[in-house]
Each structure stands twice: as C-alpha cells, then as structure tokens.
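Residue-level listing of the chains:
Number of protein chains: 2
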Amino acid sequence: MRNANRRFVLRARPEGLAGPEHFAEEPAAIRAPGPGEVLLETLYVSVDPAMRVWISENPGYVPRIEIGDVMRAGGIARVVESRAPGLAPGDLVQARTGWQSHPTLPASEVQAVPAGAGEPTDWLGVLGTTGLTAYFGIRAVAAVRPGETVLVSGAAGGVGQIAAQVARIEACRVVGIAGGPDKCAWLTGELGLHAAIDYKAEPDLAAAIARECPGGIDAFFDNVGGATLDAALANLKLRARVAICGRISQTAAGELYGVRQMGQLIGKRARVEGFIVTDFHERFGEGRIWLSAQVASGALRHRVHVLDGLEQAPMGLSMLFRGENMGKLVVRVAP
Amino acid sequence: MRNANRRFVLRARPEGLAGPEHFAEEPAAIRAPGPGEVLLETLYVSVDPAMRVWISENPGYVPRIEIGDVMRAGGIARVVESRAPGLAPGDLVQARTGWQSHPTLPASEVQAVPAGAGEPTDWLGVLGTTGLTAYFGIRAVAAVRPGETVLVSGAAGGVGQIAAQVARIEACRVVGIAGGPDKCAWLTGELGLHAAIDYKAEPDLAAAIARECPGGIDAFFDNVGGATLDAALANLKLRARVAICGRISQTAAGELYGVRQMGQLIGKRARVEGFIVTDFHERFGEGRIWLSAQVASGALRHRVHVLDGLEQAPMGLSMLFRGENMGKLVVRVAP
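Each protein sequence line maps, in turn, to chains A and B.
Here the first sequence stands for residues 1 to 335, where the numbers follow this note's numbering.
Here the second sequence stands for residues 1 to 335, where the numbers follow this note's numbering.
These are computed hints drawn from the structure, not numbers from a lab.
The beta-carbon is built from N, C-alpha and C at its ideal position, and this holds for glycine as well.
Take these hints with a grain of salt, some might be off.
Claimed, not checked - Negatives, chain A to chain B, calculated, CB over 10 Å:
id : residue
1  : P20
2  : A171
3  : G246
4  : G263
Unchecked claim - Not the full set, but computed from the structure, chain A residues with beta-carbon under 8 Å of chain B:
id : residue
5  : G60
6  : Y61
7  : I65
8  : G225
9  : G258
10 : M262
11 : G267
12 : R269
13 : V272
14 : F275
15 : D279
To be verified - Derived CB-CB ranges, DEER-like:
id : chain 1 : residue 1 : chain 2 : residue 2 : range
16 : B       : A185      : A       : R239      : 39 to 49 Å
17 : A       : E66       : B       : F284      : 54 to 64 Å
18 : A       : A171      : B       : G309      : 34 to 44 Å
19 : A       : A296      : B       : P63       : 48 to 58 Å
20 : A       : P146      : B       : A12       : 38 to 48 Å
Work the whole structure out from these sequences, hints included.
Next up, the structure:
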C-alpha cells in the first residue's frame, strides 16, 4: 500500500464544467521526508466549487494550477513519518494535501487537529474553511442582526448549510434557496430554516422570494450569482447587505448572465460586497471557537456527503455544478 | 408681473425620455401668505436627472409626482411677502419652490441663504444638494484615501464635476469619463483632473479605463450605470469601492442593461453601494463648510449651465439625458 503515492493531476483546462476528462491518475514514488518534513497518509480530501476557478486560465486571486500539477485540495491526514518536532506518527492533521494519497509536506504547512474535537471530516467542513466562510460571510460581511430576514442561496451546499444556520442562531428569519424537494425538506426540517424555496419548481424566482420574504430581505448570502442574484436584488429592503461568496451558476458558464437590478442599490441604499475567507485569517480562532461551541450544543448541524475512493474526486467536482451534492462534499481516500 | 403664478405641471408620465410634451404650463392666481407662510419670487430652479425618477409610476424612495401637480424642484427665491418671523421681503432663500414663479410656502420649508456667501446659483449647485451629493459620495461612501486612483462617470455633469474635484483635493489621481472633446478638455484643463476619457470616441470603454488607470481603480463614483458600470468593474483593484450615485443611462431605458462583471467583486473583495444624499442630512453642515472653504480658496471650481426662462425647464430635463449640459443645469426664472 505504501509503495506508491496515488495522485490526480490536471490533464486539461475545461471550457465549461470540469469533470473526470480533465484529470489523470499519475502515481509517483512516495518521497521520504527530509529535515522539517512529514510524510502523510491522506484520509479525506475536499471537493469545492472554487476548484473550478483554480484550474481556469486566469483565476485572478490565487495562483492557477498548471497542467501536470497535482490538484490542489484541503485534506485530513495521518502522520506516517516525521522529521519535524511536535508531529509524530499517528497524529491527525489538516493540510493542503492535494488529491493524492501520500503527500510529503513541510511541517510548517501541516496543522495538528486537536484530539477529541469532532469527526475528522468536521475539519474539512463545519470547522474548516467551509464553516469559516459561512461564519465570516454572515457575521462580518452581511453583518446580520437579530430579527432580520436573511436569504441564502445554495443553502443545501457545503457553505450554504452553515451560513443559513449561523444566521438562524443569530436569531434571524432565514430562507434558503435550493434545488429539489428533498433538499428543501431537509432545510426546513433538520436545519430549522423558516422557509425554503425550490428554485427548480419556481417559474419566477423573484416572486417566490417576495412570497417567502414578505417585506423584503435584510441580508443575502449568495453562492449562486447570475439570475439568482438578480431575483434577490429585486427584493432588497432599505440598507440591505449582499455578501457575495460565490457564483456557481457563472463559474463555468459560456456567456455571463447580465444582472439588471443594480438600480435597486440606489433607492435601497444597499451594498453588495465580495469576500474570500482568507481575508479573515487573523480571526479564524474566533470563528472556530464559535462554530465548535454551536456544534457541541447541537444548535449547528451539518451534513457531509462522502464519496469513496480518490478516483471519485474529479467526478465529485462535476457533481457540485449539477447540484448533486447535499451538504459538504468530501472524498474518503483511506479507511 | 405679479398677477399670476406661472407654473409647470406634470401632464403625462413618460415611457422613455422626459421632455416638453410631458409638462403643461398652467398659470394660477398668486396666493397671499397665511400665518407662518411666505410668498416667494423664484429666481432659479434646478433641473436634475433624479426628476425623471420622481415622475415615474413608482419612484421607490420618494413620493411620486401626480399628474396635474407642479413639478417638484429645488429653487432659489426672494421673499416678496412674509407672515413669518425671521423672514423679510427681499431676503434670499432656498426652498423646494418647484417649477413655478411665485410659490407660497410654510416658512419652516424655507431656508435663508447667508448674505455674501457666493452666487445665488451656488446654492443649487456646489453648496446645494448637488455639491453635498458629491462630497458624501466621495468621502463617506467611496471613502477615498490620498494617492488612490478614482474614476468618476458623468464627470462633466452637475454632481460629477464636484465629485471629481473632491477626490482631486483629497490628493487622489482622478480620471473622468465624459462625452466629447470639449468636456474632456475642460476636465483636464479647468478642473485639473489627471485624465479624461471621451466615451463617445472609445470603442472599448473597459480598455480605455485600463489605459488611463494602469493598475486599476480604487474607487468609482458612478452617475451613469449600465455598460459604464460594467467597464469599471472590469478594472477594479483589490478592495475597491463603487459608490452608485445615479444611472442616467438606465433611468429612461426601455430594457435594462445586464451587468456581467459582478464576479469581479469576489476576487477583488470589492464593494458596490448605493446612496442618496438625504441619508447624510445630519452632516450637511460639515459638507457645506468644507465645500465653501474649497470654493473660497479657489481649489473647487464649478460650472453652471443656465437656461433662460421657466418655459425652458422641461426641455432642460431632456438635455440632461442627451448629455447636452456642461456643469450644473439651472433655469433662470426671474432676472
């Protein structure tokens, strides 16, 4: 088993959606750690919408992944061999493992996971950048206040499920948008949202938002962009805040959707703001404490959608853009 | 001359541009002031892009003007007769006179103009809501800092000319967008802007902005909206701020332009925010002191485009949307 490092590298840049045809399995020899390095065995890797941006020609805010490079990804791993103080074989760590089974990394890029702190996958989801994105987007960017009406798009996705609940725990009235009756039932049932809108069943999304948010939206956490953003802008309240986390409808779109409701921002004195979770790096500790406390109390629930086997990762990426995941998507690499 | 109050009332709601066909001259008897009221003789009235919004079916943020109502407008007037303490015949005042020659108003809605404080038209322009809109838009909403690159659209218009100079006085590098070589020469010559872009001569506005703002835009003060906003979004710097003051290209448009570059907000962590000057009502004193000081020192220049005769006001409104004004447009009602 430890004879080879199983790796998935970028084979070709996609034009539209990314899928298995854009990646190739390229095993390599396991590299023994040098001084200050650790050899890891990856347990889980993350599959995120942002990956489609990372493999594009010009991602803008992060270095692009070159053809032949191992696919970049957050992961949870066990230390197999260590030449660094403070990390010992068997330790559970989080690191940017990439889509590979046995990465060798500098110890400075590896972070120990506290013992007994939730499931390993929590560190890719609710306690990882996924949860932190939701926390800072809702609390710092959208700056929600108790009693406000908050709309979340992609509410059954990895970030959306947490964002909706952060707002609910902050005593907001929360409405989620998701695709299909199963996701919507889960949002209002298990996650305790006040209402859910099945966008696939609504011929007029703006009208559906108006129906579920009578009086309008104080804050909108947007993962989808395009027509969803337009429909939300048409329903803003005075001094509304829109936090743009992502725009999965546009990431791989051939022609970009044109947003027509920008004029609403004037009369409503509203704000639209984009953000990236790493901007809040210095406050990650605060975010993790809050999220851990809510998970521990049972107030914050989350769902992890697990695919089995590293070979599933490229297909998982395409699932995200077809809305086939429910909750945070991860791939189990080792048992 | 004082036998009738010359008035222009709304005759019909426009579909597209507003012009003379949407207003009617309807003289009325001059009404003697009751207790607490003053009779005014209007000297100048304002003509503003926002008026096109006020006469639409659903202006949103202000009460609409009904068919048969006198057109709402800021004005400068002299007191003719007063039944209110503190206001005497001959006093120069500013008030919402509307497009009429002899309004009778409650004294509480009339504000004395300080003696010797500039030209009467200054109180409709640089020291009025026009100047205050520019001041708060640049300083409070766009929150510019010395050394930043600031783009202003509609830069040769009433608000734009002041906004560009507020940014220039704040030691920013200022680029204005205007239509035609005369306006552009005036912006870089008389007003001291660092560069001007003639949008009528540029086949690709985004490329022109990139050329004049190498490295991108820190702040954008937008009066135009639509394709101009899209071109600016494509040129944002990290943490850029866009202050949406107006969108004259869209106010009377049949079909709204779709803004395609919203995704820039994520990677650039940028903010787009709409505002209305009355939101800053409590800080108007601060704004007027600053603007007065800059006018007095000669740092802040402004141009008033004067039309002669109240009957020119409806035509003036259509001029704004054809870009035929240079500077703040006012109508001289009495000599």
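Margin query: The hint names Y61 of chain A as touching chain B; please verify it with the least Cβ-Cβ distance against 8 Å.
Written below: Constraint on Y61 of chain A satisfied, holds at 4 Å.
Notebook entry, point to check: Is the interface hint for V272 of chain A satisfied, with its Cβ closer than 8 Å to some Cβ of chain B?
Noted result: holds, 5 Å
Margin query: Taking the Cβ atom of A171 of chain A and the Cβ atom of G309 of chain B, is their distance within the range 34 to 44 Å?
Written below: Violated, at about 59 Å.
Notebook entry, point to check: Once the shortest beta carbon distance from G60 of chain A to chain B is found, is it less than 8 Å?
Noted result: holds, 4 Å
Checklist line | Cβ separation check - A171 of chain A to all of chain B, threshold 10 Å | finding: holds, 26 Å
Note to self: M262 of chain A was flagged as interface toward chain B. Is the shortest Cβ-Cβ separation under 8 Å?
What the structure shows: Where the cut-off is 8 Å and the nearest Cβ of chain B is about 5 Å from M262 of chain A, the hint holds.
Checklist line | 48 to 58 Å as the expected CB spacing between P63 of chain B and A296 of chain A, which holds or is violated | finding: At 52 Å between Cβs, range holds.
Check: Checking the smallest CB distance to chain B, is G246 of chain A really beyond 10 Å?
Finding: violated, 7 Å
Next item on the list: Can you let me know if the beta-carbon spacing of E66 of chain A and F284 of chain B is within 54 to 64 Å?
Entry: holds, 56 Å
Notebook entry, point to check: Does the claim that P20 of chain A lies outside the interface with chain B hold up, using a Cβ gap greater than 10 Å?
Noted result: holds, 26 Å
Checklist line | Interface hint outcome for G225 of chain A [beta carbon to chain B under 8 Å] | finding: holds, 7 Å
Checklist line | Status of the hint placing I65 of chain A at chain B (closest C-beta pair under 8 Å) | finding: violated, 16 Å
Of the numbered hints listed earlier, those contradicted by the structure are 3, 4, 7 and 18.
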